Amino acid sequence: MDNKTDAQGGYILQLQNFSVNDGDGIRTTIFMAGCPLRCAWCANPEGFTLKNPMTHYVTVEVVVKKIKKQMIFYRNSGGGITFSGGEATFQPDFLRSMVNRMYDMGLHLAIETCGYFSFEEVYDILQKMDLIFMDMKHMDSHQHLTWTQKENTLILENIQKVSTLGIPMVLRIPTIVGVNASMEHMKSVFEWMESTVPHAKLEFLPYHRFGEYKYEQLRLKLPQTSFETPDDALIKAFTQLAQQYGIEVVSYR
Amino acid sequence: MVTPRIEKIRQNYINSKPAISYHRAAIWTESHKRTEGEAIPIRRAKAFYDTCAQLKLTIFEGELIVGATGEFRKCGILTPEFSWTWVDREMDSFDTRPQDPYVMTEEQRKYVREHIFPYWKGKSLEEHFLARLPKETAKVVVDTGIVDNDSKWRQAVGEITPDYQDVLFVKGFGGILKEAEEKYNALDNTSVENSKKKEFYESVMWTSKGIILYANRYADLALEMAKEEKDSVRKAELTQIAANCRRVPEHPPTTFYEALQFIWFTQIGAILSENPLALNPGRFDQYMNPYYQADIKAGTLNPEFAQELVDALWLKYSEWVWTISANTADYFAGYNQFQNLTVGGRTRDGKDATNDVTFMALKATEEVKTHQPGLSVRIHADAPQEFMNAVTHLVSVGTGFPAIHNDSVGYQMLLNAGYEPEDARDWNNCGCVVPHFRKTGEWTAAVNVNFGSALEFALNEGKTRLTNQKIGLDEKPAKEFTSYAEVENAFYKQFANLCKHAIIATIEAQRLHQEMVPRPFLSSCIEECMIQGQDLSMGGAKYNIGPVITGIGLAVVANSLMAIKKLVFEDKVTTMEELCNALAADWEGYEELRKLAQAAPKYGNDNDEVDNIAREICNFYYREIHQYKDINGAAFNTAFMGISNYLPMGKVLGATPCGRKAKEPSSEGVSPYVGTDTSTPLAAMRSAAKMNQEMHSGGTLLNLRLNHDLVATKRGQANLGAMIQSFFSLGAFHVQFNTISSEILKKAQQNPEEYKDLLVRVAGYSTQFVNLSKSMQDAIIARTAHAEF
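Residue numbers (this note's numbering), protein chains in the order written: chain S, 897 to 1149; chain Y, 459 to 1247.
Bound-form chain S, shown alone (with noise of 0.2 Å):
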């Protein structure tokens, strides 16, 4: 079986139902495939390309029948759907055909993307959008390209973009020892905020290594074990500084 990924369909790594922590209440995530960037820590690498034995085929129609089973709890818990990756946007004429559909449906979307797309052309899909989650990996281009193999440049330009949309938003830090988990860079990040979208909101995910046997299965190699979780003492003392430059820090925890 080999499809297309267009309006009818596309590839996704998985649909979670019962997701509790990207977005308000009860969610849907639609874990899609595909990703433009490669980064050393990733959790979900069978997401880099479509087509991988962790991924599927699957069609709108099926993915919007098995929502609708969920809509009882979305609506009780203010819940909804969130896209994400992969990178979500990675597929856009499956991801646009979805989100209306489920725009239609009056469900609360929610996006999480790493930024690097270009924005005229999925600008239509995230002004339906009622969250955006955005990744802030690194404020420096060079070190952003050492560890997601792409500069940083287009992501940032896309985060000022998307503010402008006037959809709440959400900035997702992965927090990493050994990448970007200190004061120093943390510092820029918020300086960075302040300056150039001032309403959106901060959220820190500290890195886990739940995804490395993703990568067994996948034949890929390892992340470097160098990478570590940042304790909460540190974690704290970045949420102290973040709110010292007026950035308000939000954990859907």
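Don't take each hint at face value.
[Stated by the list, open to error] Dumping the calculated DMTMM-like pairs for lysine to aspartate or glutamate here, alpha-carbon to alpha-carbon at most 25 Å:
hint, chain 1, residue 1, chain 2, residue 2
1, Y, Lys1109, Y, Glu1049
2, Y, Lys1148, Y, Glu1035
3, S, Lys965, Y, Glu1074
4, S, Lys1097, Y, Asp1167
5, Y, Lys1148, S, Glu957
6, Y, Lys1172, S, Glu1099
7, Y, Lys1172, S, Asp920
8, S, Lys961, Y, Glu1067
9, Y, Lys475, Y, Glu919
10, Y, Lys897, Y, Glu651
11, S, Lys962, Y, Glu1074
12, Y, Lys1172, S, Asp1020
13, Y, Lys1024, Y, Glu1035
14, Y, Lys1172, S, Asp1128
15, S, Lys1110, Y, Asp1167
16, S, Lys1046, S, Glu1087
17, Y, Lys951, Y, Glu919
18, S, Lys965, Y, Glu1152
19, S, Lys965, Y, Glu1067
20, Y, Lys1172, S, Glu1087
21, Y, Lys1030, Y, Glu1049
22, S, Lys965, Y, Asp1066
23, Y, Lys1172, S, Asp1127
No lab work stands behind these hints, which were simulated from the structure alone.
As the structure is a prediction and not an experimental result, all values here were calculated from the model.
Given the coordinates of chain S, work out where chain Y should sit on it, guided by the hints.
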């Protein structure tokens, strides 16, 4: 945090071992020797009076609410009039049995064997039941694990909600006594009916006098102790206790404190009269709130002391130990007496019913961490946010409490059973998950039926797989089934037969209860019994609801039929013959086939195909059971409760086509089979909600385990609240959560000393984890913990 005063009582409670007291049985027996030839209700009432007059009284250290059924802090009593043979058979190993052991000394055993049991030989309910039960039914129901109703012939019925609102707090037992005397005097013996009524009223006179005397003896004891007491605080407490016991339960309570003491005396009266199962405090917040508000307003009570008193009552509820056979203990594990206390919901006239006492009850359970009372909450669609928060917070603490019920489905269940709307709206829980009402006589857990046995008989020519006994109906060899429909029909045929025997056994037990064990004390707590002059056992209550037959193993059978349908008749990867050989071999040598069986769709994952099989089993069960009428002409009712009956009912089952091995636990209530609800708890809820729950007036139960992380934050708890409301809007009746991590449970298993107060949800109730047998503990650990998010 509890106050130091409560903590002292709590520690004292936690550190005492359940022990058997024979004093009640000794007095009861001597009394019966003196009343030979008198009418049965009178004899029982006089025995009760003598017990109240003679029982040695104890006020334990620091207690604020008093009354004990024997000399031990955690005390079980004997009721040889119901059954003594099992005690005689089993008491030598009371200390050592795996589930619910009791302390009993050699000296005690000698006494009961010499002075108590000989009198009851040939006179107990059990002996009469076994002598009368038709042989073909006995083969199916007596200690088989196939159909089981031994709690109805080895024990008293219980299953009563004393009516505080319209009877006890209004009249007191003094008022009841006066009423009984008046009615007694107004009747002459010119008809059989009249003389039966006179007998009833006379029996109530004795029991009322008895409980009043018992309380007054406590007043005397407290006064005496106050005189000796050096500590001035304790002296004042004892003086107050004496005043309370002087007033209640003879007179209606005038304060919050007196009302609590009244409740405990009522429990004591019921325990001494029959040692019942499921003696429900009912809608505690509804009948206690007026006293609370009045005392607060008058400035005679402060909220802190009120909370201490509620905590103290919770500890009293927990010290009563239900004395049961090893067999019954397998079904009702954890020293559980099922004193179900209900808060929240709606009032009789439909308003939100939550009040200050509602929250005190939730707090008491969180603070004292006792397994009693069984705390139930009623949640309606517009339940206040503060209440939802308090409920989900208590869930997050991991006590397994409260049992969470759907207000409107409870209402519908009672309407379905024939209640008037106002009464139906006033429902409380009975036992574990049975919607009940305080003007009701009903056997709410009359029989358990093992659905898995019906399937086993269908596939094994009517024989048990483990013991090769022919207990079911004739059936052709399973290899000759040529279609799925044929398999299904064979199952339903055996199933209907088991239902029939459950009915026969219940009716036989009901007849004997009428003849042998009338219940004057509890009847006097029920309004209509006093109006009609009729005992509860004779159908004296306003509502006489048909006995509840509990189905065990719904998920096992649905999953098994699904596996047969798919593997044999659709995918054709095996044959009936090979499958049955695999079952006979307990899957040994058929590992590949077992994997296929395990991979077949499982109930609990929102898969319509297998869920529809389960739904049809439920519907059939209802139609089958509901066609029969009990001794009062009331239709029998169905339930999918839990208790711990899925363990013994699994023990007698061979391997099942769903992939389950022989002797492993069956499934409980409408819960998925352990470990097979692998999707999300939402999917498990959607499956369970498909079972037309409102039709099963005996209650339905879903147990889920949630990883603690999911409910550790306020946000997580709010989502849990939304899950519950969603489940209920789908038409489900009950859900209860265990939120302890498996790690903690394993630690508790290894170091029970450190986890004495760790409460877990068994099924329909919570109890101390360390009090469960190893196999029960393993079963709890094995329940799928939904950790995904």
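Hint by hint, here is what the structure shows:
A hinted pair counts as satisfied when its Cα atoms are at most 25 Å apart, and Lys1109 (chain Y) with Glu1049 (chain Y) qualifies at roughly 21 Å. Of the supplied pair hints, the one linking Lys1148 (chain Y) and Glu1035 (chain Y) is violated, its CA atoms being roughly 33 Å apart against a limit of 25 Å. Restraint check: the Cα-Cα separation between Lys965 (chain S) and Glu1074 (chain Y) comes to about 21 Å, which is no more than 25 Å; the hinted pair holds. Among the hinted pairs, Lys1097 (chain S) with Asp1167 (chain Y) is consistent with the structure: their alpha-carbon atoms are about 24 Å apart, no more than 25 Å.
Taken as a hint, the Lys1148 (chain Y) and Glu957 (chain S) pair is honoured in the structure, with Cα atoms around 24 Å apart against an allowance of 25 Å. Only pairs whose Cα atoms come within 25 Å are accepted, and Lys1172 (chain Y) paired with Glu1099 (chain S) is accepted, the gap being roughly 18 Å. As the CA atoms of Lys1172 (chain Y) and Asp920 (chain S) are separated by approximately 13 Å, the hinted pair is consistent with the 25 Å bound. This hinted pair checks out: Lys961 (chain S) and Glu1067 (chain Y) have alpha carbons roughly 16 Å apart, not beyond 25 Å.
Between Lys475 (chain Y) and Glu919 (chain Y), the direct Cα distance comes to roughly 47 Å. Violation of the 25 Å bound is thereby established for this hinted pair. Restraint check for Lys897 (chain Y) and Glu651 (chain Y): the C-alpha separation of about 22 Å stays at or below 25 Å, so the hint holds. For the given pair, Lys962 (chain S) sits about 24 Å from Glu1074 (chain Y) by alpha-carbon distance, which is consistent with the 25 Å threshold. The hinted pair formed by Lys1172 (chain Y) and Asp1020 (chain S) fails the criterion: a straight-line CA distance of about 35 Å is larger than 25 Å.
The straight-line distance between the Cα atoms of Lys1024 (chain Y) and Glu1035 (chain Y) is roughly 15 Å, inside the 25 Å bound, and the hint therefore holds. Restraint check for Lys1172 (chain Y) and Asp1128 (chain S): the C-alpha separation of about 19 Å stays at or below 25 Å, so the hint holds. Between Lys1110 (chain S) and Asp1167 (chain Y), the direct Cα distance comes to roughly 23 Å. Compliance with the 25 Å bound is thereby established for this hinted pair. Proximity of Lys1046 (chain S) to Glu1087 (chain S) is assessed by CA-CA distance (about 22 Å); at most 25 Å being required, the pair is judged to hold.
Using a Cα cut-off of 25 Å, the hinted pair Lys951 (chain Y) and Glu919 (chain Y) holds, with the two alpha carbons roughly 12 Å apart. Of the supplied pair hints, the one linking Lys965 (chain S) and Glu1152 (chain Y) holds, its CA atoms being roughly 21 Å apart against a limit of 25 Å. The suggested pairing of Lys965 (chain S) with Glu1067 (chain Y) holds, with an alpha-carbon distance near 15 Å, which does not exceed 25 Å. For the suggested pair Lys1172 (chain Y) and Glu1087 (chain S), the alpha carbons sit about 31 Å apart, so the restraint of at most 25 Å is broken.
A distance of roughly 17 Å separates the Cα atoms of Lys1030 (chain Y) and Glu1049 (chain Y); the hinted pair therefore holds under the 25 Å criterion. For a cut-off of 25 Å, the pair hint linking Lys965 (chain S) to Asp1066 (chain Y) stands: about 11 Å separates their Cα positions. Taking the CA atoms of Lys1172 (chain Y) and Asp1127 (chain S), the gap is about 22 Å. The hint holds against a cut of 25 Å.
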